[in-house]
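Undergrad: Given next are the chains, with one letter for each unit.
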Amino acid sequence: GAGVSQSPSNKVTEKGKDVELRCDPISGHTALYWYRQSLGQGLEFLIYFQGNSAPDKSGLPSDRFSAERTGGSVSTLTIQRTQQEDSAVYLCASSPPPSGRADTQYFGPGTRLTVL
Amino acid sequence: AQTVTQSQPEMSVQEAETVTLSCTYDTSESDYYLFWYKQPPSRQMILVIRQEAYKQQNATENRFSVNFQKAAKSFSLKISDSQLGDAAIYFCAYRKGYGGSQGNLIFGKGTKLSVKP
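Chains A and B are the protein sequences, given in the same order.
Everything in the first sequence is counted per the numbering used here, starting at 1 for the first residue and increasing by one.
Everything in the second sequence is counted per the numbering used here, starting at 117 for the first residue and increasing by one.
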């Protein structure tokens with residue numbers, strides 16, 4: 001079956017602009033995660049959605065970052081008033097319903113964001 | 117807070133030989149999971165192997181195996197009969213519990229593995 005897909009693959013924007021990054025999880029997966037991968041900070045957790053529960057936003061670096069998940073499927077990560085330090089690869093992952101232990105996270109190919 | 121440390125930023129191995137990548141972690145939890153992911157130049161993170169902390173037996177997946185030392189909080193990855201396609205950045209990751217707010221992965225900084233023909 002299809003894996004996690006993300007769009008766009010690459011995004012170049014100017015400082016101060018807003019951007020939206022999209023993630024389509026694997027069908028039937030209830031959990032969805034956003035991570036950021038940057039040279040200086042490595043891989044960082046941003047936000048986590050599990051079914052209809054309130055998202056875990058504990059990893060969002062500032063209030064310029066927000067995310068939503070519509071209908072328990074597609075998710076959009078929005079970065080407002082982008083800064084150069086937002087330049088990174090944004091990875092999305094999904095995992096199946098909790099079925100006991102160690103739900104594996106399946107990753108998309110990421111969106112490379114460059115803020116000029 | 118949990119942390120994951122990979123002390124080898126880069127490693128190199130000859131094709132067909134064996135290489136071991138190191139990972140240590142710090143946690144006060146007793147229930148957790150450990151993973152190795154690889155990230156080739158395509159950027160796609162691919163699960164290599166996973167280990168549940170409650171299992172004493174080391175996980176194996178074909179040419180990949182781990183040496184899980186719970187008391188020492190060590191989780192190394194051994195790649196046998198290395199192939200050119202194994203060249204990638206390898207990330208060690210930790211996850212406590214399951215489901216709920218405990219679900220996010222904590223990653224090490226990665227080890228870039230080169231495979232020489």
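Just to be clear, a hint being listed does not mean it is correct.
Below, a list of computed lysine-lysine pairs in the PhoX-like style, where the Cα atoms sit at most 25 angstroms apart [said to hold, decoys possible]:
1) 194(B) - 232(B)
2) 189(B) - 212(B)
3) 212(B) - 57(A)
4) 57(A) - 171(B)
5) 212(B) - 186(B)
6) 232(B) - 212(B)
Where chain A lies over chain B, by a calculated footprint (3+ residues, C-beta under 8 angstroms) [what the hints assert, rightly or not]:
7) 122-131
8) 182-196
Facing chain B, according to a computed beta carbon distance under 7 angstroms, are these residues of chain A, among others [said to hold, decoys possible]:
9) 42
10) 65
11) 104
12) 109
Calculated from the structure, these hints are not laboratory results.
Everything numeric in this text was worked out from a predicted model, so none of it was measured.
Ideal Cβ positions, reconstructed from N, Cα and C, are used throughout, including at glycine.
Undergrad: It remains to establish, for every hint, whether it holds in the given structure.
TA: Structure-based check of all given hints:
1. 194(B) - 232(B): Distance ~17 angstroms between residue 194(B) and residue 232(B) Cα, so the pair holds.
2. 189(B) - 212(B): holds (14 angstroms)
3. 212(B) - 57(A): Given that 25 angstroms is the threshold and the Cα spacing comes to 17 angstroms, the pair holds.
4. 57(A) - 171(B): Violated, because 31 angstroms separates the two Cα atoms, which is more than 25 angstroms.
5. 212(B) - 186(B): holds (14 angstroms)
6. 232(B) - 212(B): violated (36 angstroms)
7. 122-131: violated (count 0)
8. 182-196: violated (count 0)
9. 42: holds (5 angstroms)
10. 65: violated (15 angstroms)
11. 104: Since chain B brings a Cβ to about 6 angstroms from residue 104(A), closer than 7 angstroms, the hint holds.
12. 109: Status holds, d = 5 angstroms.
Checked against the numbered hints given earlier, this structure breaks hints 4, 6, 7, 8 and 10; the rest are met.
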